[in-house]
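Chemist: Sequence:
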Amino acid sequence: MWTEKYRVNRIDSFFGNEKERLAVIEWLAKWIRGTKPLLLVGSPGTGKTSFIKSLAIHFDYDLIELNASDLRNKINLENIINPILSNSSLFGKKTLLFLDEVDGISTRDDFGGSSFLGTILKNSEIPIIMASNSKSTKIKEIVKNSKVITFSPLSTYASYLLIQHVLNEEEQILDENTKLDLIKQSKGDARSILNGLQIILEGNLTVTSRTGQELPIEECINSFFSLNDPVEIKKILSNSAVRYSTPKFGYSQEERGKDLLGALYTSIISNQKFLSSSELADLLHHLSEVDLFVNKIYENRNWRLLRYANDVLVSKLFRFSRFPSIRYNQYSIPFPLIGSIFMRGQALSRVRSEMARTFHTGESKIGLFYYSYFIHILKNAGNFSLVFNNPDNLKLNEIIEKEKSR
1 MWTEKYRVNR
11 IDSFFGNEKE
21 RLAVIEWLAK
31 WIRGTKPLLL
41 VGSPGTGKTS
51 FIKSLAIHFD
61 YDLIELNASD
71 LRNKINLENI
81 INPILSNSSL
91 FGKKTLLFLD
101 EVDGISTRDD
111 FGGSSFLGTI
121 LKNSEIPIIM
131 ASNSKSTKIK
141 EIVKNSKVIT
151 FSPLSTYASY
161 LLIQHVLNEE
171 EQILDENTKL
181 DLIKQSKGDA
191 RSILNGLQII
201 LEGNLTVTSR
211 TGQELPIEEC
221 INSFFSLNDP
231 VEIKKILSNS
241 AVRYSTPKFG
251 YSQEERGKDL
261 LGALYTSIIS
271 NQKFLSSSEL
281 ADLLHHLSEV
291 DLFVNKIYEN
301 RNWRLLRYAN
311 DVLVSKLFRF
321 SRFPSIRYNQ
331 YSIPFPLIGS
341 IFMRGQALSR
351 VRSEMARTFH
361 TGESKIGLFY
371 YSYFIHILKN
381 AGNFSLVFNN
391 PDNLKLNEII
401 EKEKSR
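Residue 277 in our numbering sits at position 277 of the sequence shown, with consecutive numbering throughout.
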(Lines of atoms letter the chains of each structure in order from A; the text may use other names.)
(Lines give C-alpha, C1' and ligand atoms only; values in the text may rest on other atoms or scores of the structure.)
Protein backbone atom coordinates (compact mmCIF):
# COMPACT_ATOMS: atom_id res chain seq x y z
CA MET A 1 0.00 0.00 0.00
CA TRP A 2 1.26 3.46 -0.91
CA THR A 3 0.07 4.82 2.42
CA GLU A 4 2.95 2.82 3.92
CA LYS A 5 5.36 3.23 1.01
CA TYR A 6 5.15 7.03 1.25
CA ARG A 7 4.81 7.35 5.02
CA VAL A 8 7.10 10.25 5.92
CA ASN A 9 9.82 9.55 8.52
CA ARG A 10 11.68 12.87 8.52
CA ILE A 11 10.33 15.91 10.35
CA ASP A 12 11.30 18.23 7.45
CA SER A 13 9.53 16.20 4.74
CA PHE A 14 5.85 16.68 5.63
CA PHE A 15 3.29 18.61 3.63
CA GLY A 16 1.04 21.19 5.32
CA ASN A 17 0.58 22.29 8.96
CA GLU A 18 4.05 23.89 9.07
CA LYS A 19 3.30 26.21 12.02
CA GLU A 20 1.64 23.42 13.97
CA ARG A 21 4.56 21.05 13.43
CA LEU A 22 7.01 23.73 14.50
CA ALA A 23 4.98 24.26 17.70
CA VAL A 24 5.23 20.51 18.47
CA ILE A 25 8.99 20.56 17.93
CA GLU A 26 9.38 23.56 20.25
CA TRP A 27 7.23 21.87 22.91
CA LEU A 28 9.38 18.73 22.93
CA ALA A 29 12.67 20.64 22.75
CA LYS A 30 11.70 22.71 25.81
CA TRP A 31 9.99 19.94 27.76
CA ILE A 32 10.73 19.67 31.49
CA ARG A 33 8.91 17.87 34.28
CA GLY A 34 5.65 19.69 34.95
CA THR A 35 5.17 20.71 31.33
CA LYS A 36 1.61 20.15 30.18
CA PRO A 37 1.23 17.15 27.85
CA LEU A 38 0.47 17.76 24.22
CA LEU A 39 -2.85 16.97 22.54
CA LEU A 40 -2.92 16.95 18.74
CA VAL A 41 -6.41 17.36 17.33
CA GLY A 42 -7.16 16.78 13.67
CA SER A 43 -9.10 14.62 11.24
CA PRO A 44 -7.58 11.36 9.91
CA GLY A 45 -4.95 11.81 7.22
CA THR A 46 -3.48 15.07 8.54
CA GLY A 47 -0.18 13.41 9.55
CA LYS A 48 -0.45 13.44 13.34
CA THR A 49 0.79 9.89 13.98
CA SER A 50 3.47 9.89 11.27
CA PHE A 51 4.86 13.20 12.53
CA ILE A 52 5.16 11.96 16.13
CA LYS A 53 7.02 8.85 14.95
CA SER A 54 9.45 10.94 12.90
CA LEU A 55 9.82 13.34 15.85
CA ALA A 56 10.91 10.49 18.13
CA ILE A 57 13.50 9.36 15.58
CA HIS A 58 14.85 12.88 15.10
CA PHE A 59 15.23 13.61 18.84
CA ASP A 60 16.39 10.04 19.64
CA TYR A 61 13.46 9.14 21.92
CA ASP A 62 12.33 5.61 22.69
CA LEU A 63 8.74 5.91 21.44
CA ILE A 64 6.03 3.91 23.22
CA GLU A 65 2.87 4.03 21.13
CA LEU A 66 -0.49 2.96 22.54
CA ASN A 67 -4.00 3.17 21.15
CA ALA A 68 -6.11 4.59 23.97
CA SER A 69 -9.39 3.49 22.36
CA ASP A 70 -8.22 -0.14 22.61
CA LEU A 71 -7.41 0.20 26.32
CA ARG A 72 -10.66 2.06 27.11
CA ASN A 73 -11.07 1.76 30.88
CA LYS A 74 -9.17 2.77 34.00
CA ILE A 75 -7.91 -0.73 34.88
CA ASN A 76 -6.44 -1.35 31.42
CA LEU A 77 -4.90 2.11 31.30
CA GLU A 78 -3.38 1.74 34.77
CA ASN A 79 -1.94 -1.70 34.03
CA ILE A 80 -0.26 -0.54 30.83
CA ILE A 81 0.70 3.09 31.49
CA ASN A 82 1.85 3.08 35.14
CA PRO A 83 4.84 0.75 34.51
CA ILE A 84 5.85 2.96 31.58
CA LEU A 85 5.83 6.08 33.76
CA SER A 86 7.86 4.41 36.52
CA ASN A 87 10.56 2.72 34.40
CA SER A 88 13.17 4.13 32.06
CA SER A 89 13.91 2.81 28.60
CA LEU A 90 15.69 -0.56 28.39
CA PHE A 91 18.35 1.07 26.26
CA GLY A 92 18.90 4.12 28.46
CA LYS A 93 17.23 6.43 25.95
CA LYS A 94 14.71 9.12 26.73
CA THR A 95 11.12 7.87 26.63
CA LEU A 96 8.21 9.49 24.79
CA LEU A 97 4.69 8.15 25.40
CA PHE A 98 2.25 8.56 22.50
CA LEU A 99 -1.44 7.84 23.15
CA ASP A 100 -3.37 7.72 19.89
CA GLU A 101 -7.17 8.01 19.51
CA VAL A 102 -7.86 9.27 23.04
CA ASP A 103 -11.30 10.34 21.82
CA GLY A 104 -12.04 6.63 21.24
CA ILE A 105 -12.42 5.92 24.97
CA SER A 106 -16.01 4.72 25.16
CA THR A 107 -18.36 6.72 27.36
CA ARG A 108 -20.13 3.49 28.37
CA ASP A 109 -17.07 1.33 28.93
CA ASP A 110 -14.81 4.05 30.21
CA PHE A 111 -15.54 3.89 33.97
CA GLY A 112 -12.68 6.12 34.98
CA GLY A 113 -10.50 5.88 31.86
CA SER A 114 -10.76 9.53 30.90
CA SER A 115 -10.41 10.76 34.50
CA PHE A 116 -7.36 8.48 34.98
CA LEU A 117 -5.69 10.02 31.94
CA GLY A 118 -6.53 13.47 33.29
CA THR A 119 -4.74 12.55 36.55
CA ILE A 120 -1.53 11.08 35.11
CA LEU A 121 -1.11 14.02 32.78
CA LYS A 122 -0.12 16.20 35.73
CA ASN A 123 3.59 16.17 36.67
CA SER A 124 4.50 13.26 34.41
CA GLU A 125 8.10 12.04 34.54
CA ILE A 126 8.21 11.68 30.75
CA PRO A 127 6.77 13.72 27.86
CA ILE A 128 3.30 12.58 26.81
CA ILE A 129 1.72 13.34 23.44
CA MET A 130 -1.85 12.37 22.59
CA ALA A 131 -3.84 12.44 19.37
CA SER A 132 -7.57 12.83 18.83
CA ASN A 133 -9.80 13.22 15.80
CA SER A 134 -11.85 15.89 17.57
CA LYS A 135 -12.31 17.77 20.83
CA SER A 136 -15.31 15.72 21.96
CA THR A 137 -16.94 16.33 25.34
CA LYS A 138 -15.77 12.98 26.72
CA ILE A 139 -12.15 14.16 26.68
CA LYS A 140 -12.84 17.55 28.27
CA GLU A 141 -10.62 16.65 31.26
CA ILE A 142 -7.78 15.79 28.90
CA VAL A 143 -8.27 19.01 26.92
CA LYS A 144 -8.28 21.06 30.14
CA ASN A 145 -4.96 19.57 31.28
CA SER A 146 -3.15 19.67 27.93
CA LYS A 147 -1.60 22.04 25.43
CA VAL A 148 -3.81 21.66 22.36
CA ILE A 149 -2.48 21.98 18.82
CA THR A 150 -4.93 21.56 15.93
CA PHE A 151 -3.82 19.94 12.67
CA SER A 152 -5.89 21.06 9.68
CA PRO A 153 -6.64 19.01 6.56
CA LEU A 154 -4.08 19.55 3.81
CA SER A 155 -4.60 22.74 1.84
CA THR A 156 -5.06 22.59 -1.92
CA TYR A 157 -1.45 23.67 -2.35
CA ALA A 158 -0.09 21.08 0.10
CA SER A 159 -2.20 18.36 -1.56
CA TYR A 160 -0.83 19.36 -4.95
CA LEU A 161 2.76 19.21 -3.65
CA LEU A 162 2.13 15.71 -2.25
CA ILE A 163 0.74 14.52 -5.59
CA GLN A 164 3.74 15.96 -7.46
CA HIS A 165 6.14 14.32 -5.01
CA VAL A 166 4.59 10.88 -5.57
CA LEU A 167 4.48 11.36 -9.37
CA ASN A 168 8.18 12.26 -9.37
CA GLU A 169 9.06 9.22 -7.27
CA GLU A 170 7.00 6.93 -9.51
CA GLU A 171 8.28 8.66 -12.68
CA GLN A 172 4.70 9.13 -13.85
CA ILE A 173 2.66 12.03 -15.20
CA LEU A 174 -0.97 12.95 -14.62
CA ASP A 175 -3.12 15.57 -16.34
CA GLU A 176 -4.03 18.64 -14.31
CA ASN A 177 -7.79 17.98 -14.31
CA THR A 178 -7.27 14.55 -12.73
CA LYS A 179 -5.00 16.09 -10.10
CA LEU A 180 -7.57 18.74 -9.24
CA ASP A 181 -10.40 16.18 -9.08
CA LEU A 182 -8.30 14.04 -6.73
CA ILE A 183 -7.55 17.05 -4.51
CA LYS A 184 -11.23 17.98 -4.37
CA GLN A 185 -12.37 14.44 -3.57
CA SER A 186 -9.70 13.79 -0.92
CA LYS A 187 -10.79 16.78 1.21
CA GLY A 188 -7.29 17.26 2.58
CA ASP A 189 -6.79 13.62 3.64
CA ALA A 190 -3.25 12.54 2.71
CA ARG A 191 -4.15 8.84 2.90
CA SER A 192 -7.03 9.32 0.46
CA ILE A 193 -4.68 11.12 -1.94
CA LEU A 194 -2.16 8.27 -1.79
CA ASN A 195 -4.88 5.60 -2.18
CA GLY A 196 -6.36 7.50 -5.12
CA LEU A 197 -3.00 7.91 -6.84
CA GLN A 198 -2.22 4.22 -6.45
CA ILE A 199 -5.54 3.25 -8.01
CA ILE A 200 -5.09 5.68 -10.92
CA LEU A 201 -1.44 4.95 -11.68
CA GLU A 202 -1.78 1.19 -11.40
CA GLY A 203 -4.64 1.28 -13.89
CA ASN A 204 -7.45 0.15 -11.58
CA LEU A 205 -9.97 2.92 -12.08
CA THR A 206 -12.73 0.31 -12.26
CA VAL A 207 -12.48 -0.10 -8.50
CA THR A 208 -14.31 3.16 -7.90
CA SER A 209 -14.88 6.42 -9.70
CA ARG A 210 -14.36 8.25 -6.38
CA THR A 211 -10.61 7.64 -6.47
CA GLY A 212 -9.84 9.95 -3.56
CA GLN A 213 -12.50 8.74 -1.18
CA GLU A 214 -13.00 5.62 0.86
CA LEU A 215 -15.79 3.33 -0.32
CA PRO A 216 -18.77 3.21 2.04
CA ILE A 217 -19.32 -0.08 3.80
CA GLU A 218 -22.43 -0.87 1.70
CA GLU A 219 -20.48 -0.86 -1.57
CA CYS A 220 -17.65 -2.79 0.04
CA ILE A 221 -19.93 -5.62 1.18
CA ASN A 222 -21.82 -5.80 -2.12
CA SER A 223 -18.55 -5.96 -4.06
CA PHE A 224 -17.14 -8.59 -1.72
CA PHE A 225 -19.90 -11.06 -2.64
CA SER A 226 -20.14 -10.20 -6.35
CA LEU A 227 -16.57 -9.80 -7.67
CA ASN A 228 -14.74 -12.87 -8.97
CA ASP A 229 -11.18 -11.63 -8.55
CA PRO A 230 -9.69 -11.93 -5.03
CA VAL A 231 -7.07 -9.28 -5.86
CA GLU A 232 -9.81 -6.77 -6.71
CA ILE A 233 -11.62 -7.64 -3.49
CA LYS A 234 -8.48 -6.97 -1.43
CA LYS A 235 -8.07 -3.57 -3.11
CA ILE A 236 -11.66 -2.68 -2.31
CA LEU A 237 -11.23 -3.74 1.31
CA SER A 238 -8.08 -1.60 1.55
CA ASN A 239 -9.89 1.44 0.16
CA SER A 240 -13.12 1.11 2.13
CA ALA A 241 -14.36 2.83 5.28
CA VAL A 242 -14.31 -0.41 7.27
CA ARG A 243 -12.36 -1.73 10.24
CA TYR A 244 -11.89 -4.96 12.15
CA SER A 245 -13.51 -4.60 15.55
CA THR A 246 -14.78 -6.83 18.32
CA PRO A 247 -17.66 -6.08 20.73
CA LYS A 248 -15.85 -8.10 23.39
CA PHE A 249 -13.71 -5.04 24.07
CA GLY A 250 -16.55 -2.56 23.49
CA TYR A 251 -16.86 -0.10 20.65
CA SER A 252 -18.67 3.13 19.85
CA GLN A 253 -21.69 3.58 17.59
CA GLU A 254 -19.43 4.93 14.84
CA GLU A 255 -17.09 1.94 15.12
CA ARG A 256 -20.07 -0.42 15.02
CA GLY A 257 -21.15 1.13 11.72
CA LYS A 258 -17.73 0.36 10.21
CA ASP A 259 -17.32 -3.14 11.63
CA LEU A 260 -16.52 -5.31 8.60
CA LEU A 261 -17.06 -8.73 10.17
CA GLY A 262 -20.31 -7.58 11.76
CA ALA A 263 -21.54 -6.26 8.40
CA LEU A 264 -20.63 -9.52 6.66
CA TYR A 265 -22.50 -11.50 9.33
CA THR A 266 -25.69 -9.41 9.23
CA SER A 267 -25.67 -9.40 5.42
CA ILE A 268 -25.31 -13.19 5.27
CA ILE A 269 -28.03 -13.81 7.87
CA SER A 270 -30.51 -11.36 6.35
CA ASN A 271 -30.05 -12.95 2.90
CA GLN A 272 -29.98 -16.59 3.99
CA LYS A 273 -33.08 -17.35 1.91
CA PHE A 274 -30.76 -17.37 -1.13
CA LEU A 275 -28.50 -19.99 0.46
CA SER A 276 -28.77 -23.68 1.17
CA SER A 277 -28.18 -24.91 4.71
CA SER A 278 -24.70 -26.20 3.83
CA GLU A 279 -23.75 -22.94 2.08
CA LEU A 280 -24.89 -20.92 5.09
CA ALA A 281 -22.98 -23.21 7.46
CA ASP A 282 -19.78 -22.94 5.39
CA LEU A 283 -19.98 -19.14 5.26
CA LEU A 284 -20.58 -18.72 8.97
CA HIS A 285 -17.93 -21.29 9.90
CA HIS A 286 -15.18 -19.57 7.92
CA LEU A 287 -16.34 -16.12 9.04
CA SER A 288 -16.06 -17.31 12.65
CA GLU A 289 -12.45 -18.37 12.02
CA VAL A 290 -11.60 -14.84 10.89
CA ASP A 291 -13.42 -13.48 13.93
CA LEU A 292 -11.27 -15.67 16.21
CA PHE A 293 -8.15 -14.35 14.48
CA VAL A 294 -9.20 -10.73 15.09
CA ASN A 295 -10.17 -11.43 18.70
CA LYS A 296 -6.73 -12.98 19.31
CA ILE A 297 -5.10 -9.81 18.02
CA TYR A 298 -7.17 -7.67 20.41
CA GLU A 299 -6.49 -9.97 23.37
CA ASN A 300 -2.72 -9.93 22.80
CA ARG A 301 -2.65 -6.32 21.58
CA ASN A 302 -0.60 -7.48 18.60
CA TRP A 303 -1.87 -4.73 16.31
CA ARG A 304 0.70 -5.30 13.59
CA LEU A 305 -1.09 -8.51 12.63
CA LEU A 306 -4.16 -6.51 11.60
CA ARG A 307 -2.38 -5.68 8.35
CA TYR A 308 -2.91 -9.33 7.36
CA ALA A 309 -6.62 -9.39 8.22
CA ASN A 310 -7.77 -8.71 4.65
CA ASP A 311 -5.61 -11.58 3.35
CA VAL A 312 -6.96 -13.93 6.02
CA LEU A 313 -10.56 -12.89 5.29
CA VAL A 314 -10.28 -13.38 1.53
CA SER A 315 -8.40 -16.69 1.83
CA LYS A 316 -11.01 -18.06 4.24
CA LEU A 317 -14.21 -16.79 2.61
CA PHE A 318 -13.61 -16.20 -1.10
CA ARG A 319 -14.21 -19.76 -2.28
CA PHE A 320 -17.45 -20.05 -0.31
CA SER A 321 -18.94 -16.59 -0.85
CA ARG A 322 -19.55 -16.02 -4.55
CA PHE A 323 -23.20 -15.05 -4.07
CA PRO A 324 -24.11 -11.76 -5.85
CA SER A 325 -27.62 -12.12 -4.39
CA ILE A 326 -26.22 -11.33 -0.93
CA ARG A 327 -26.57 -7.58 -0.46
CA TYR A 328 -25.51 -5.37 2.40
CA ASN A 329 -27.88 -5.24 5.37
CA GLN A 330 -26.92 -3.77 8.72
CA TYR A 331 -29.59 -5.78 10.54
CA SER A 332 -29.58 -9.54 11.06
CA ILE A 333 -33.27 -9.65 12.02
CA PRO A 334 -36.46 -8.82 10.08
CA PHE A 335 -37.21 -5.11 10.07
CA PRO A 336 -40.69 -5.39 11.72
CA LEU A 337 -39.03 -6.79 14.85
CA ILE A 338 -36.53 -3.95 15.13
CA GLY A 339 -39.05 -1.49 16.59
CA SER A 340 -40.09 -3.75 19.45
CA ILE A 341 -36.48 -4.70 20.17
CA PHE A 342 -35.49 -1.04 20.24
CA MET A 343 -38.27 -0.22 22.72
CA ARG A 344 -37.22 -3.13 24.92
CA GLY A 345 -33.62 -1.97 24.74
CA GLN A 346 -34.61 1.52 25.85
CA ALA A 347 -36.49 0.09 28.85
CA LEU A 348 -33.55 -2.12 29.82
CA SER A 349 -30.94 0.63 29.56
CA ARG A 350 -31.64 1.74 33.15
CA VAL A 351 -31.32 -1.86 34.38
CA ARG A 352 -27.98 -2.25 32.59
CA SER A 353 -26.76 1.05 33.99
CA GLU A 354 -27.66 0.09 37.57
CA MET A 355 -26.08 -3.37 37.18
CA ALA A 356 -22.92 -1.83 35.72
CA ARG A 357 -22.54 0.40 38.78
CA THR A 358 -23.22 -2.51 41.13
CA PHE A 359 -20.78 -4.93 39.47
CA HIS A 360 -18.17 -2.31 38.51
CA THR A 361 -18.09 -3.05 34.81
CA GLY A 362 -19.31 -1.52 31.57
CA GLU A 363 -22.91 -1.44 30.35
CA SER A 364 -22.01 -3.17 27.08
CA LYS A 365 -20.42 -6.08 28.99
CA ILE A 366 -23.57 -6.37 31.11
CA GLY A 367 -25.67 -6.58 27.96
CA LEU A 368 -23.34 -8.95 26.11
CA PHE A 369 -22.25 -11.37 28.82
CA TYR A 370 -24.17 -11.05 32.08
CA TYR A 371 -27.75 -9.94 31.59
CA SER A 372 -29.26 -13.13 30.13
CA TYR A 373 -27.69 -15.25 32.90
CA PHE A 374 -28.88 -12.74 35.48
CA ILE A 375 -32.52 -13.07 34.35
CA HIS A 376 -32.18 -16.87 34.08
CA ILE A 377 -31.00 -17.05 37.71
CA LEU A 378 -33.91 -14.90 38.89
CA LYS A 379 -36.38 -17.08 36.99
CA ASN A 380 -35.12 -20.22 38.69
CA ALA A 381 -34.53 -18.78 42.16
CA GLY A 382 -37.87 -19.89 43.61
CA ASN A 383 -39.26 -17.30 46.01
CA PHE A 384 -36.16 -15.13 45.77
CA SER A 385 -36.65 -11.74 44.14
CA LEU A 386 -34.41 -8.76 43.55
CA VAL A 387 -35.84 -5.46 44.78
CA PHE A 388 -34.44 -2.00 44.14
CA ASN A 389 -35.28 0.08 47.23
CA ASN A 390 -34.03 3.40 45.90
CA PRO A 391 -37.17 5.50 45.08
CA ASP A 392 -35.51 6.55 41.83
CA ASN A 393 -35.21 2.90 40.77
CA LEU A 394 -38.64 1.52 41.73
CA LYS A 395 -39.53 1.33 38.03
CA LEU A 396 -36.71 -1.19 37.61
CA ASN A 397 -38.63 -3.73 39.73
CA GLU A 398 -41.48 -3.67 37.21
CA ILE A 399 -39.08 -4.03 34.30
CA ILE A 400 -37.32 -7.03 35.85
CA GLU A 401 -40.59 -8.77 36.68
CA LYS A 402 -41.71 -8.27 33.09
CA GLU A 403 -38.39 -9.73 31.85
CA LYS A 404 -38.80 -12.79 34.11
CA SER A 405 -42.21 -13.49 32.64
CA ARG A 406 -40.98 -13.52 29.02
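Careful, some of the hints might be misleading.
[What the hints assert, rightly or not] Each computed BS3-like pair below joins lysine-lysine, with the alpha-carbon atoms no more than 30 Å apart:
1) Lys379 - Lys258
2) Lys187 - Lys234
3) Lys138 - Lys187
4) Lys36 - Lys135
5) Lys402 - Lys5
6) Lys19 - Lys36
Hints listed in this document are in silico derivations from the structure and should not be mistaken for laboratory results.
Chemist: Hint by hint, note whether the structure agrees.
Modeler: Hint-by-hint comparison with the structure:
Taking the CA atoms of lysine 379 and lysine 258, the gap is near 37 Å; set against the 30 Å cutoff, the hint is violated. Distance restraint check for lysine 187 and lysine 234: the Cα-Cα separation of roughly 24 Å lies within the 30 Å cut-off, and the hinted pair is therefore satisfied. Between lysine 138 and lysine 187 the CA atoms are separated by roughly 26 Å; this keeps the pair inside 30 Å, and the hint holds. Restraint check for lysine 36 and lysine 135: the C-alpha separation of about 17 Å stays at or below 30 Å, so the hint holds.
Taken as a hint, the lysine 402 and lysine 5 pair is broken in the structure, with Cα atoms around 58 Å apart against an allowance of 30 Å. Annotation: proposed proximity of lysine 19 to lysine 36 holds, straight-line Cα distance about 19 Å (limit 30 Å).
Checked against the numbered hints given earlier, the structure breaks hints 1, 5 and satisfies all the rest.
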